[in-house]
Amino acid sequence: MIKKILITLVFTLIFGNLSFAAGGDGSSTKSNYDKAVKLIKSAKKYEADGKTKKADDRYKKAFKLLVKSNKEKPGKADTLNYLGFTSRKLGDFENAEIFYTKGLEISPYHIRINQYMGELYVTTNQIDKAKESLAVLDGDRKSTRLNSSHNQTSY
Numbered sequence: 004m005i006k007k008i009l010i011t012l013v014f015t016l017i018f019g020n021l022s023f024a025a026g027g028d029g030s031s032t033k034s035n036y037d038k039a040v041k042l043i044k045s046a047k048k049y050e051a052d053g054k055t056k057k058a059d060d061r062y063k064k065a066f067k068l069l070v071k072s073n074k075e076k077p078g079k080a081d082t083l084n085y086l087g088f089t090s091r092k093l094g095d096f097e098n099a100e101i102f103y104t105k106g107l108e109i110s111p112y113h114i115r116i117n118q119y120m121g122e123l124y125v126t127t128n129q130i131d132k133a134k135e136s137l138a139v140l141d142g143d144r145k146s147t148r149l150n151s152s153h154n155q156t157s158y
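4 is the number of the first residue of the sequence shown in the numbering used here; add one for each residue after it.
Everything labelled a hint here was simulated from the structure, so no lab data went into it. All residues carry an ideal CB built from backbone N, CA and C; glycine is no exception. Check each hint, because a few of them may be wrong.
As the list claims (entries may be wrong) - Here are the simulated DSS-like pairs of lysine-lysine, each with C-alpha atoms no more than 27 Å apart in a straight line: (1) K105 to K54; (2) K56 to K44; (3) K74 to K63; (4) K48 to K71; (5) K64 to K134; (6) K54 to K74; (7) K54 to K79; (8) K76 to K54; (9) K67 to K38; (10) K33 to K74; (11) K47 to K57; (12) K71 to K56; (13) K76 to K105.
As the list claims (entries may be wrong) - Taking CB as the label site, the calculated pair distances span: (14) S34 to I101: 29 to 35 Å; (15) L93 to K33: 19 to 25 Å; (16) E75 to K44: 20 to 26 Å; (17) I101 to K134: 27 to 33 Å; (18) G53 to P77: 32 to 38 Å; (19) A138 to D52: 32 to 38 Å; (20) K56 to Y112: 18 to 24 Å; (21) K67 to R115: 18 to 24 Å.
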């Protein structure tokens, strides 16, 4: 009886691992956030190649995954950044600004959010606000230069 259990256990472990190695890529364990980031990277490539329909399709899919991710783990600045980014890329400037603003409430010096918020303001002809975002980025660069000149790392 014990011998049968051991044989079954060994058989399951060996063939379970082989089937995973043969074709299992573990993609089912990727988070919605990770899947969205992959879609965004793909969309950027399509956009650079002038394939806007394919890019928009990926931005839409990424947006849906990011909404799910934000429900699962609310309050993540990176998720809000990408929600703003995909909204902006899809022409929804109002929601893009809302997502970016929420992200900055969590992480005021988030480089990408400030960068993309500035791009949004330029696109929507709000140049004074774009300059404010640039000032945050310039301030971050100055503090980084100051810290690196003193051999300190700022986190």
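Cross-check of the supplied hints:
no.: 1; hint: K105 to K54; verdict: violated, 31 Å
no.: 2; hint: K56 to K44; verdict: holds, 15 Å
no.: 3; hint: K74 to K63; verdict: holds, 17 Å
no.: 4; hint: K48 to K71; verdict: holds, 24 Å
no.: 5; hint: K64 to K134; verdict: violated, 32 Å
no.: 6; hint: K54 to K74; verdict: violated, 31 Å
no.: 7; hint: K54 to K79; verdict: violated, 30 Å
no.: 8; hint: K76 to K54; verdict: violated, 32 Å
no.: 9; hint: K67 to K38; verdict: holds, 11 Å
no.: 10; hint: K33 to K74; verdict: holds, 16 Å
no.: 11; hint: K47 to K57; verdict: holds, 10 Å
no.: 12; hint: K71 to K56; verdict: holds, 23 Å
no.: 13; hint: K76 to K105; verdict: holds, 14 Å
no.: 14; hint: S34 to I101: 29 to 35 Å; verdict: violated, 23 Å
no.: 15; hint: L93 to K33: 19 to 25 Å; verdict: holds, 23 Å
no.: 16; hint: E75 to K44: 20 to 26 Å; verdict: holds, 21 Å
no.: 17; hint: I101 to K134: 27 to 33 Å; verdict: violated, 21 Å
no.: 18; hint: G53 to P77: 32 to 38 Å; verdict: holds, 36 Å
no.: 19; hint: A138 to D52: 32 to 38 Å; verdict: holds, 34 Å
no.: 20; hint: K56 to Y112: 18 to 24 Å; verdict: violated, 36 Å
no.: 21; hint: K67 to R115: 18 to 24 Å; verdict: holds, 21 Å
Hint violations for this structure: numbers 1, 5, 6, 7, 8, 14, 17, 20, all remaining hints satisfied.
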